Structure formats: C-alpha cells, structure tokens
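Colleague: Sequence:
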Amino acid sequence: MSDFSFWDIVRNLLTGLQWTLLLSLVAFIGGGLIGLLVMILRISSKAFPRNVARTYIELFQGTPLLMQLFLVFFGVALLGVDISPWLAAAIALTLFTSAYLAEIWRGCVDSIAHGQWEASASLALNPLEQLRYVILPQALRIAVAPTVGFSVQVVKGTAVTSIIGFTELTKTGGMLANATFEPFMVYGLVALGYFLLCYPLSLSARYLERRLHASA
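When you number the sequence shown by full-length UniProt numbering, it's gap-free, plus one each residue, and the end is 216.
It is possible that part of the hints are untrue.
[Unchecked claim] Label-pair distances were calculated between CB atoms; the ranges are:
{"hint": "1", "residue 1": "S5", "residue 2": "M67", "range": "23 to 31 angstroms"}
{"hint": "2", "residue 1": "Q153", "residue 2": "S5", "range": "33 to 41 angstroms"}
{"hint": "3", "residue 1": "A191", "residue 2": "Y133", "range": "39 to 47 angstroms"}
{"hint": "4", "residue 1": "G75", "residue 2": "V52", "range": "18 to 26 angstroms"}
{"hint": "5", "residue 1": "L33", "residue 2": "A179", "range": "36 to 44 angstroms"}
{"hint": "6", "residue 1": "K156", "residue 2": "F4", "range": "23 to 31 angstroms"}
{"hint": "7", "residue 1": "S122", "residue 2": "F195", "range": "44 to 52 angstroms"}
{"hint": "8", "residue 1": "L14", "residue 2": "E129", "range": "46 to 54 angstroms"}
{"hint": "9", "residue 1": "V81", "residue 2": "A124", "range": "35 to 43 angstroms"}
Simulated from the structure, these hints should not be mistaken for lab results.
Every value quoted in this text rests on a predicted model; they were computed, and no experiment measured them.
Glycine included, each C-beta is placed from N, C-alpha and C at the ideal position.
Using the sequences provided together with the hints, build the complete structure.
Modeller: Dropping the structure here:
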C-alpha cells in the first residue's frame, strides 16, 4: 500500500469530502437564489420574461452537466481570464442547480389553486405581493420534499467536477488509488462517503413527502 496507512487514506478522503460538501452547499444556496428569480420570471404574465426563463431552464436541463462545466472552465480561459477549478465548478453547478430548482418550484406554485390568486387580487395586492404573502407560503410546504430530494443530485453532481481537476471526494479517491494501488478499498471508501452524505437526505425527502400526503 505504498507509504499510506489506512488512516492516512481516510484522513485524505475526509478532506475531499469536506470540499464536496462545501461545493454542494455553495451550488445549492446559489442555485436556490438564482432559481427563485428564474421561477418568478417563469410564472410572469408577460411573454418576454416567461420565454427568457423557459429558454434558460431548457438550456441547462437539456445539456449535460459535464459540457456546462467544460464551457465555463475552458470558455472563460479562452477570454484570457484565469479561472480556478473551484470557481468554475461552483459557477457551473450553481447554474445547473438553479434551472432544476426553478422548474421544481414553478410546479409547486402552479399546484396552488388559481382561486388563491384571484382572492389575493381582490385584496388589492400586486402580483409580487400575491406571490410573497399568499402563494409562496402555501407552495413552500409542497416544495420542501422535492427540493431536499434534488439536493442528493447536487451532491452526486460534484463528482463530475473532478474532470477539471477540482480535488473533491472523487478526485481525491482517484489520486489515492493511483498512489496506493488499492483501488477497490479506496473507491469503496469513496462510495461510503457519498452514501453518508446522500442517504440522510433521501430519508428526509421521503419522510417529508409522507408527512405532506398524510396532512393533505
């Protein structure tokens, strides 16, 4: 196993796991903020912002995350701007996440009865006030389970960023496997790391979904 002990491997993988978790949080929070804006444009009564949002969503949902990552990392470099693998990974995964969250949340907003819009309009609320005070509080309850469920996909998506050299869990595992000549053990630990991150999220999503159906 070269000069690496088992605990050396575990310690290095934990460092990679921390970067995976950090990237996931950045992408999820940033994607949530952008996704909320895109969702508002998507449900606009005006055709132009609605079409812009639809195009944005279809662009990121209709192309592979790997291609988006390459476009950010290599495309920006072609403009003469030096961009680190960390920043490229954060930008690409944030935009990818925002498109999916926007569509998830749009579906939740659309599930609210149209009469709620009409009732809030009768109170002389403008469209943004209707959305903020009447529609979103109801849609939030529906959105929690699928949003938590999608966070699992965000965590898994971080593995793709190893292609551009970002040293998250998968990249760290690859380097350790090459150094120790113990790929089965190393990648087994990598898989365990992803499982420990994703399984609690999956359980939470299922629990919240059951609670939603039980209280519906």
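Colleague: For every hint, state whether the structure bears it out.
Modeller: To see whether the hints hold, each was checked on the structure:
no. : hint                               : result
1   : S5 with M67: 23 to 31 angstroms    : violated, 39 angstroms
2   : Q153 with S5: 33 to 41 angstroms   : holds, 34 angstroms
3   : A191 with Y133: 39 to 47 angstroms : holds, 45 angstroms
4   : G75 with V52: 18 to 26 angstroms   : holds, 21 angstroms
5   : L33 with A179: 36 to 44 angstroms  : holds, 39 angstroms
6   : K156 with F4: 23 to 31 angstroms   : holds, 26 angstroms
7   : S122 with F195: 44 to 52 angstroms : holds, 51 angstroms
8   : L14 with E129: 46 to 54 angstroms  : holds, 47 angstroms
9   : V81 with A124: 35 to 43 angstroms  : violated, 49 angstroms
Hint check: violations occur at hints 1 and 9; the rest are consistent with the structure.
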